[in-house]
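Engineer: Here is how the chains run, residue by residue.
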Amino acid sequence: MREIVVLSGKGGTGKTVVVASLAALAENKVLCDCDVDAANLHLVLQPTVRETHEFWGQKVAVIDQEVCTGCGLCLDACRFDAIQELQVDPLSCEGCGFCLHVCPEQAVTMVDTLAGHWYVSDTRYGPLVHARLDAGQENSGKLVAAVRQKARAIAKDKGSAYVLSDGPPGIGCPVISSLSGAELALIVSEPSLSAIHDLERVLAVCRHFGVGALVCINKYDLDEENSRRIEDYCREAGIDIGAKIPFDTVVTDAIVQGVPVVEFGDGVVSERMEELWKAVAARW
Amino acid sequence: MILAIASGKGGTGKTLVATSLALSLEGQSPVQLLDCDVEEPNAHILLRPTITSSRPVLVPVPKVDRDKCTYCRVCSEACPYNAIAVMGKNVLVFPELCHGCGVCTYVCPEEAISEEGREIGVVEEGRAGEVRFVHGRLAIGEAMAPPVIRAVKQRADRSSTVIIDVPPGNSCPVVEAVRGSDFCLLVTEPTPFGLHDLALAVELATKLEVPCGVVINRAGSGDQEVERYCAHQHVPVLLKIPLDRQIAELYCRGQTLVAGMPSWRKAFRDLLDSTRRLAVVGR
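One line per chain: the protein sequences are A and B, in this order.
The opening residue of the first sequence carries number 322 in the numbering used here; numbering runs sequentially from there.
The opening residue of the second sequence carries number 48 in the numbering used here; numbering runs sequentially from there.
Hint data in this document are derived by calculation from the structure and do not stem from the laboratory.
Be a bit skeptical, because a hint or two may be false.
To be verified - Listed next, the stretches of chain B that the computed footprint assigns to chain A, with coverage defined by at least 3 CB atoms under 8 Å from CB atoms of chain A: (1) 142 to 156; (2) 167 to 174.
Unchecked claim - List of simulated lysine to aspartate or glutamate pairs, EDC-like, C-alpha gap at most 16 Å: (3) B:254 x A:410; (4) A:463 x B:143; (5) B:254 x A:546.
Owing to the predicted nature of the structure, the values given are computational and were not obtained by experimental measurement.
Here a beta-carbon is modelled for each residue, glycine too, at the ideal position from N, C-alpha and C.
Put together the whole structure using the sequences plus the hints.
Structural biologist: Right, dumping it as structure tokens:
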């Protein structure tokens, strides 16, 4: 079983569009949405939810106003500015418990918080494990780990050839949690100077964690000179380009219809997606 | 005024809006742009500031004095992040798991723990024309963006208009970047993806008690559902930027909208005026 995680560094380059198309093209796989705080893959794959699980995040502090004497020791102890007017802001609290330790009146308790849910669903393209982190919660990395673990377990159980994961943007906690231990990072870039800058950073993260990378240039014809820069950069770094996908409004039309673009039309975009999947599958 | 530019979904045009807003104030009033997307900062690509200072962002991590430690495990039991562990006659610190909260240092009965700074990124400052510029960069392989975001926000000068470029998503880095702002502009695109993540972002802004309004980028593509949602939720749509290949090409080359198409300057000034009015009403 090979786990392929689709990343980009910069957001909005087309990760979900690519994953949805590969979902329709690849056989014998389990799908996984690791972008738990802005999940979109389910909007295209139209899943039927089979299992719902609760995700309990970090504990947060609560101050009992009846017991609190207003001494302010917790205020000075908290390094996250989470205590204002002797009330804990649950969105800022990182659950360290410093306030609990310093309170001379034992007015502080740490309570569990339901931080979101994760789901095991069926789609036309196979099982999908996905999640929804509640707005503003911590620990997206931990939820990503839970989702990935389940997707891998299902794949192992069913003897699937691939786990195909839609990753989050950025390079921090949820990206590291999505990437570490995967067999391949497929990086979706676009020919903007911003996306190139972000591509270089996300490739450095892949190197840091020892995960091989393959790059796809989306909307390559918006700036062919920048696309050549990406190709030159990748050639020097020894990274293959899986496909170059042109800008086409058919991609947005497919999102609006809620179907993978490869099932929406048989134009150049679909051809290039097929080329991309061949390049991915050829890795093994 | 502090104005946060957020979106939920990535790549909707936050940086495009933030940089053009900042430039539209040139010659009018002092403006500062804080790029809080410290995982993938991009505002510098469009503004091309001259960086004049760079300082490391340090998070405090525990340092254990082996001569004083009695291996009593009080520290490891108190740490909710499993960042410090006692194994026989050995104390292990996992700095990448440490949030720097200071609890282990406080609870140690032997005063065997002190703290040392560990660098997880940098904050750079400079100037692009009249725009005072600050951004943070999380180091490769580091997981925790919020301390770097906090360090960027500490540079905010409330006597000027402060524009914050917020990271994508809806979790802790966004909370860190948006909280304390007077108004939050949510940049979205008129697609089911844009709408889904916009609804989460509106929920988050409401939780943070920051009034918000919407900018629809690539207007004219997709469908009408974002506008329907905004009307229904009484979230004002303050600006629409059309889907236009020329705008996309400008962005690819790293040019701001107001520099590449100066006729947009007025629209961004008006947008800023709208946010100022709504920030007052919202409070």
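Engineer: None of the hints should be skipped; say for each whether it holds.
Structural biologist: Against the structure, the hints:
{"no.": "1", "hint": "142 to 156", "in the structure": "holds (count 7)"}
{"no.": "2", "hint": "167 to 174", "in the structure": "violated (count 0)"}
{"no.": "3", "hint": "B:254 x A:410", "in the structure": "holds, 10 Å"}
{"no.": "4", "hint": "A:463 x B:143", "in the structure": "holds, 14 Å"}
{"no.": "5", "hint": "B:254 x A:546", "in the structure": "violated, 44 Å"}
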